[in-house]
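There are 2 protein chains.
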Amino acid sequence: MCAQLLPTQPYKGTRDFYPDDMRLRNWFFGKIRQALELASYEEYNGPMLESLEIYIAKSGEEIANEQTYNFTDRGGRRLAIRPEMTPSVARIVAAKMGELNYPLKWFSIPNMYRYERPQRGRLREFWQLNVDVFGCDTYEADLDVIESAIAVLRSFGADETMFKVHINNRRFFNDVIAAICKTDADGAKKVSKIVDKKNKIPRESYVKELNELGIADEQISLIDSLYSMSVKEATALCPESVGTQELLSLFDMLEKTGLDKYCVFDFGIIRGLDYYTGTVFEVFDEAPENNRAMFGGGRYDNLVGMFAKNAKISGVGYGMGDVTLENFLFTHNLVPDIYKTDVKVLITRFDDVPYERYLTIADTLRQNGITASVYVGSKKFGKQIDYAVKGHYSHVLIMGSSEAENNTVKIKNLETREEAAVSVSDLVSALS
Amino acid sequence: MCAQLLPTQPYKGTRDFYPDDMRLRNWFFGKIRQALELASYEEYNGPMLESLEIYIAKSGEEIANEQTYNFTDRGGRRLAIRPEMTPSVARIVAAKMGELNYPLKWFSIPNMYRYERPQRGRLREFWQLNVDVFGCDTYEADLDVIESAIAVLRSFGADETMFKVHINNRRFFNDVIAAICKTDADGAKKVSKIVDKKNKIPRESYVKELNELGIADEQISLIDSLYSMSVKEATALCPESVGTQELLSLFDMLEKTGLDKYCVFDFGIIRGLDYYTGTVFEVFDEAPENNRAMFGGGRYDNLVGMFAKNAKISGVGYGMGDVTLENFLFTHNLVPDIYKTDVKVLITRFDDVPYERYLTIADTLRQNGITASVYVGSKKFGKQIDYAVKGHYSHVLIMGSSEAENNTVKIKNLETREEAAVSVSDLVSALS
Chain P
47 MCAQLLPTQP YKGTRDFYPD DMRLRNWFFG KIRQALELAS YEEYNGPMLE
97 SLEIYIAKSG EEIANEQTYN FTDRGGRRLA IRPEMTPSVA RIVAAKMGEL
147 NYPLKWFSIP NMYRYERPQR GRLREFWQLN VDVFGCDTYE ADLDVIESAI
197 AVLRSFGADE TMFKVHINNR RFFNDVIAAI CKTDADGAKK VSKIVDKKNK
247 IPRESYVKEL NELGIADEQI SLIDSLYSMS VKEATALCPE SVGTQELLSL
297 FDMLEKTGLD KYCVFDFGII RGLDYYTGTV FEVFDEAPEN NRAMFGGGRY
347 DNLVGMFAKN AKISGVGYGM GDVTLENFLF THNLVPDIYK TDVKVLITRF
397 DDVPYERYLT IADTLRQNGI TASVYVGSKK FGKQIDYAVK GHYSHVLIMG
447 SSEAENNTVK IKNLETREEA AVSVSDLVSA LS
Chain Z
47 MCAQLLPTQP YKGTRDFYPD DMRLRNWFFG KIRQALELAS YEEYNGPMLE
97 SLEIYIAKSG EEIANEQTYN FTDRGGRRLA IRPEMTPSVA RIVAAKMGEL
147 NYPLKWFSIP NMYRYERPQR GRLREFWQLN VDVFGCDTYE ADLDVIESAI
197 AVLRSFGADE TMFKVHINNR RFFNDVIAAI CKTDADGAKK VSKIVDKKNK
247 IPRESYVKEL NELGIADEQI SLIDSLYSMS VKEATALCPE SVGTQELLSL
297 FDMLEKTGLD KYCVFDFGII RGLDYYTGTV FEVFDEAPEN NRAMFGGGRY
347 DNLVGMFAKN AKISGVGYGM GDVTLENFLF THNLVPDIYK TDVKVLITRF
397 DDVPYERYLT IADTLRQNGI TASVYVGSKK FGKQIDYAVK GHYSHVLIMG
447 SSEAENNTVK IKNLETREEA AVSVSDLVSA LS
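Which chain is which? The protein sequence lines are P and Z, in order. Take the first sequence: its letter number 303 is residue 349 in this note's numbering, and every next letter is one higher. Take the second sequence: its letter number 392 is residue 438 in this note's numbering, and every next letter is one higher.
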């Protein structure tokens, strides 16, 4: 067909999913769907290709261009393979803004592409769970979303020793900085930019930059102390803030529903300065060897406004990458043997028995909900058994010419190695 | 966030899936997965982006360039968004050729893009079920694959009045043309090119072109008659052909397993001249208003050879588009009310009852596998009921301050409009 052989590896930063990989992935996604649907979240999706401009509008020309796979189609439209779901879902909500049933509780598990150097936990092609509540701007929505993240992780068997949700509030953050520094919103913004860099720059530069803005050393100490305060201690510094009320309501309800054991107040959670407007949170892996933020989210107001005039639809949500989740589950031994429990039957074939005898048995088993297959083709018995073992079959059926004459079949359990002869009419009950 | 509003419609030829659409889609795909897994097919997947050259190798530079979304990455790699799955699966098989457990029975439901003018049933972004058996080059694999297509359609409730599988064999086609025209393989190839155009060019030109190749009118009549012959009549014209043996074995087994009522021999099924090498088939919608081929497939030998030296892995399979399948199911009224059977509970909220009372009920219901949600936010009771009705909830729970005091709750069935008061501890059994 062609003179030169083509390379077999997938494109850099992408993965092939062989049946074993796919089975694991379907199990992951199935558990996630189940946990979210139990809490009345509904699944949606959108196209892989979007207009590039929606990413430019959200993140600026440079980031949108650099981090997406983008190109121009023959009609001159600038397109991008979606690198995230938020602009898509804002567009999708805006398109039917007047018809939808708010508050929306929506989730999606889209595949997407980010143009960056592949590294551990960050691939170019990935799937990302996106969970959002749109159309409710009070703490109940924040709680619902955080509860859903906990429910997803718990559904895999994770407990409070394995993960923690670190929570802060951007309104509170701004207001407490303003209160401590005795400055207005603009002044607080300048201070916040430096506070946001606290752990990324040397202590000396940190203090110097704050001093240059007129912040005294005692004020810097007070800001420092916020990082080890409880939510009650921290909010007491700024009792009038709307953010304080949100934090207190949220933590009060977490406590009353017993979810507080999964959660902690953390003034260090900021998540960039331009996007989030209220509650922000990050979920940390508590494993000592992997102790870091796995994913996060928060409240972002009125993203739908990019698409619709006078839109006032606030959102709160998070995005969780598939690779991150997989690493977490493997780290904590939360992935079971996904082949263990299934009955899957290979019907072996002998050339001196009419093929339709086997096909009819397979059909009967399937009609009764039992996974079954006749060995496709015609190979020696030993090869067929090897095939069954390698293919995760739980049982093989053996019907040679003498069994065929008596209308019986031997069932061999491949795990226990036990064999039993049963009449064809008793097969379904023997395997159920 | 930006001065100008962005358009809300999805990119031309692509679709947004709102929760109702997604629910339908998950139902479709769930049924397909279930039917195929019952027959021991295993799911796989690959990346959306592939090297453009694999499509060029299969279909030529022009078609590959024209019909795919393709571009060059910063490393100079020519990439395409996959327009079909066959080259990907051939690559994936080739990459682990020596380790896999043949015959492979594999399926996938990937999303893909084709660059063409959108029209009814053909969109730019679509999902396509791909089913293949690799590594068995006898008729049993052809049968298995055809049986799987029938099983998928039957799982939706389709019967033999709604669809038919039209079957031919490319080896038989070549050999019977050679036999009738008394020519060799090369001569038969020239004739075949014209026969392939039979229904696309005027009868006059058809006859003329065949005459020019030295084919007499009686020979043309004999070819004509093949289109209305049974498989036994047709194969009798060319008893020595390997294709004849394959056809007879296949139809014999279809008859013995009762699948023949879904199948018919059809000499008109050719499916292009360069690709298929044995059994070919197309599945027709039998609805008078939509009577046409919905999808098809067949045997293609050694596609894996593009990637691996000395590969001898034959394949047989088909691809079924999601839009085609949806049209078929709607045409034949095979889509049930997908909301009908589920219990989904909205817990309404009153401001004078502590919120955690509601949250605790929701948690208890979910722990018992019942989909439940507390109304997120704080709106008037009537608005909350509207929300439940519009959101396909089956029941609402009502706990005002007097019920809260007595630890009871009213259950309202939104379909029957019946109300019943139960104690909180009996809720799970009342809803199960």
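Any given hint could be a false lead.
All copies of an identical chain are treated as equivalent in the list; a pair is satisfied when it fits inside any one copy or across any two copies.
Calculated lysine-lysine pairs in the DSSO-like style (CA-CA distance at most 30 angstroms, straight line) [claimed, not checked]:
#1 Lys-302 - Lys-235
#2 Lys-254 - Lys-235
#3 Lys-246 - Lys-436
#4 Lys-426 - Lys-436
No lab work stands behind these hints: they were computed from the structure.
Which of the listed hints are broken here? Hints 1, 3 are the ones this structure does not satisfy, whereas the remaining hints hold.
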